[in-house]
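A.B. asks: One point on numbering: in the numbering used here, the residue at position 134 of the sequence shown is 134, and numbering is uninterrupted.
Careful, some of the hints might be misleading.
[What the hints assert, rightly or not] Straight-line distance between alpha carbons at most 30 Å, and here's what the computed DSBU-like set of lysine-lysine pairs gives:
hint, residue 1, residue 2
1, K366, K553
2, K240, K386
3, K366, K379
4, K386, K348
5, K366, K348
[As the list claims (entries may be wrong)] Restraint-style ranges between C-beta atoms, simulated for each label pair:
hint, residue 1, residue 2, range
6, Q431, L331, 58 to 66 Å
7, M116, S50, 46 to 54 Å
8, S394, S510, 31 to 39 Å
9, S69, T214, 20 to 28 Å
10, E514, R409, 14 to 22 Å
11, L14, S50, 46 to 54 Å
12, E514, E567, 31 to 39 Å
13, K240, A93, 34 to 42 Å
14, D213, D130, 53 to 61 Å
These are calculated hints, taken from the structure and not from any lab test.
For every residue, glycine included, the Cβ atom is placed at its ideal position computed from N, Cα and C.
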Amino acid sequence: MSPLSSVSRFFGQLAVRLALLLSFALLPLGILAVVTSLNSRAVDLRSTESALLSLTAEAAAGRRALIESAFTTARTLAQPVLERSMYPAACSALLMDTFRRAGVYSSIAYTEADGMARCTSDGEVFDDSDSPIYRQMMDMPVRMVHRREDGGTGGNPEMVVTHPVFEEGVLRGFLSISISLDSVAWLNRVDDDETYLRPVMFNQFADILAPGDTQAVQAYLPAEQRLITFAGYSGDTVFKGRTQSGEPAVFAVATLVPDLLYVIGVWDTENGPAAMLDVDRMPLLFPLAMWVASIAVVFFALYFLVIRHLRRLGRQMRRLALGDRTMPEPLSPRVSHELRDLHATFQKMALLIARDEAALSAALAKTEEMVQERTLLLKEVHHRVKNNLQLIASILNLQMRRLTDPRSRQVLQTVQDRVIGLATIHRSLYQTENLSDARADTLIEELLRHLFAVGEGPGNDISLKTDLEPIVLSPDQLVPLSLLLTEAVTNALKYAGRDAETGLCWMEVSLKDEDGLVTLVVVNSLAPPADRTGPDPSETGSGLGSELIDAFKMQLNAELEQGEGSEGASEFWRVHVRFQISDLDLDDGPELRVDAAAGATSATSS
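Produce the complete structure using the sequences and hints provided.
C.D. replies: Now the structure itself:
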C-alpha cells in the first residue's frame, strides 16, 4: 500500500474525522483560553518586572539620596562661593564649615575656569587643569557624577559630584563634592542573606559608581550588552542574559536621576523575585491539555461505543462475502439499539443469502444434469448422422463399382466425397468436449487427409503445405466452412498441374485469425496454358462446385475471391475467403437449399 493511500485510509476513519471536526469546533475556545492565559501571564510578567525595577531602585535609594543631597549643597554654595572667590581664605572657611556640618563628604573644592582650586575644604590650593573631570566640565558644563580611583585618604575610590557655577551666563568654575565609595557601601538596602540581588550604579558615561574593584564588579555585568547602551535611556527595562563570568541572570535597569544616574540590578534566576519570570507556564499548557483530552475522550468513547462494534460487523460481512455461511454472533446487550438493529438486519440478510444460495445450488445441479443429458443426446445425434452418412458413402461406392461410364463414376465420386466430408464434420463434433465450439484447424487437417487419400491417383503426386492457426468456431460456421473447403480442395485436386518453374505439383492451405477476422486461402499450382490437357479452372464457374462455394460463402456471410494468378514463371489458382467470427445459434442459423429444378443454390434462414 502506497503512503498516499495509507494517509487517505487513516483520515477516512470515522473516529479520526470526528476528532478533526471536534478539534475545529473547540479551536475558538482554545484560542480564547490561550490568549487569556497569555494576557494573564503578560500582566504577571509586567508586575514582576515592575517589582524588580522597584526593588533595584530601592536598593540604590540611599546613594541616590546622598548624591541629590550633594547636588543641593552644591547649588546652595554656588552663589556664596562665587562672591568669596576673590578671597580664598573666606571661601575656604565657608567650604570647611559646610564639610564639618555634613559629615559624609570626603572633600569640597571650587575649581575656577583656569583650572586652579584656591577654595577648598582643607585650605589647600592645587592645579586641577589636567584632571579628566576638569576637561569634561569645560567641554560640557552640566552637573555630573564621576568616579575617581585615587581620591581621598589612602587613595580609596571616590564618587565626585560636580556642579557648574555661572555668572551672567558665563562659566566661572565648578564645585566638586567628593564622597568615599567605601563609606557609603552601607547605604545599599540589601540584606546580607539576600544574595540574589547585586545593584550597580553608573552615570551617563557608563562609569561604574559602585564600591570595590571595578574589574570585580564588571564580572557580573551583562555580557551581551554594554552599560553605555542604557546610559541616556529614558525608560526602565528588564531582560535575561548571562554575566561576563557566564552565569545566567536577570538584569533590571532603572533610572535614578534622568540623564545623570542609573542603576542596574543583577538578579539570580533561581532565587528571589526574578525566579518568578520562569514559572507559571501551566496556564499556557492547560488549554492545549484540555483540547487534547477532549479529543481523546471523544475518540475513545466513539471507539468503545461504535467503532469496535462496526469493525466486528465488518469482519462478519467479509466472512460472508468470502463464502462463510455461519450465522453471525450476536452483539452485547449493552450495545446501542441502532447497532443492534443494524446487526439484526445483517443476520436476516445472511439467512436469506444462505437460503437463496441453497436453492440456486439445487437449480444449478438440476440444470447441469439437463445440460449433460442434452450434450449426450447431441453427441448421439452427431454419431448416428455420421454413421448414416458413412452408410450412404458405402452405397455410393457400391454403385460406382457397377457403373462403366467414367463420367457417371466421376459424378458419384464427387457426391461420395461431399458425403464423407459431412460425415467427418459430424464425427469431429461428437468427439469434441464442447459442442458449442470446435477447433477448425483440427477438422481441416482431418478433411485434408481424407480428400488427399481419395483424390490423389497414380501419377498425381501433389505436395501439400498447411499453415493452420488454432481457431475455435461454432457449428454454424464450422459446417459451411468445412463444406466450402471440401469443394475448394476437390476442385484444386481436379485442376492441379505441374509448376513450370519447379516441375512439381503443389497445394497450399492456410487458416489465419486476425482480430476476429478469419481468412481461409487454398492455392494450387497450374501447368502453363500451352501444356494443359485437362479442363481450364477459369471455365468451371458454371459448375455445381462453384455454385456450392458461393452458397457456403453466403451462409458464412464471407467475402470470396478466386482466380488465376502468377508469380514469375509459376501459374496458380487461388481461392481466398474472409469472414467474421460470430456466435450463431444452430437452430436460428442459415441452412443450405438447392433448387434442383432451376439449378440455383442459395442460403436462407430457417
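A.B. asks: Could one say that the CB atoms of S69 and T214 fall in the range 20 to 28 Å?
C.D. replies: 25 Å, holds
A.B. asks: Check the following: the C-beta atoms of K240 and A93 are separated by a distance inside 34 to 42 Å.
C.D. replies: 54 Å, violated
A.B. asks: 31 to 39 Å was suggested as the range; check whether the CB atoms of E514 and E567 agree with it.
C.D. replies: 23 Å, violated
A.B. asks: Are Q431 and L331 spaced within 58 to 66 Å by their CB atoms?
C.D. replies: With Cβ atoms ~59 Å apart, the hint holds.
A.B. asks: Hinted pair, alpha-carbon criterion (30 Å max): K240, K386. Please report holds or violated.
C.D. replies: Status violated; Cα separation ~112 Å.
A.B. asks: For K386 and K348, compute the direct alpha-carbon distance and say whether it is at most 30 Å.
C.D. replies: The hint is violated at about 56 Å.
A.B. asks: Lying within 46 to 54 Å: is that true of the beta-carbon distance M116 to S50?
C.D. replies: 49 Å, holds
A.B. asks: Given the range 14 to 22 Å, decide if the beta-carbon distance of E514 to R409 lies inside it.
C.D. replies: 42 Å, violated
A.B. asks: Kindly confirm whether 46 to 54 Å is satisfied by the beta carbon distance between L14 and S50.
C.D. replies: Cβ of L14 to Cβ of S50: about 53 Å, so the range 46 to 54 Å holds.
A.B. asks: Per the hint of 31 to 39 Å, is the separation of the Cβ atoms of S394 and S510 within bounds?
C.D. replies: Holds, since S394 and S510 (Cβ atoms, about 33 Å apart) stay within the stated range.
A.B. asks: Can the restraint linking K366 and K379 be considered satisfied, given a maximum Cα separation of 30 Å?
C.D. replies: 20 Å, holds
A.B. asks: Can the restraint linking K366 and K553 be considered satisfied, given a maximum Cα separation of 30 Å?
C.D. replies: 40 Å, violated
The structure shown violates the earlier hints numbered 1, 2, 4, 10, 12, 13 and 14.
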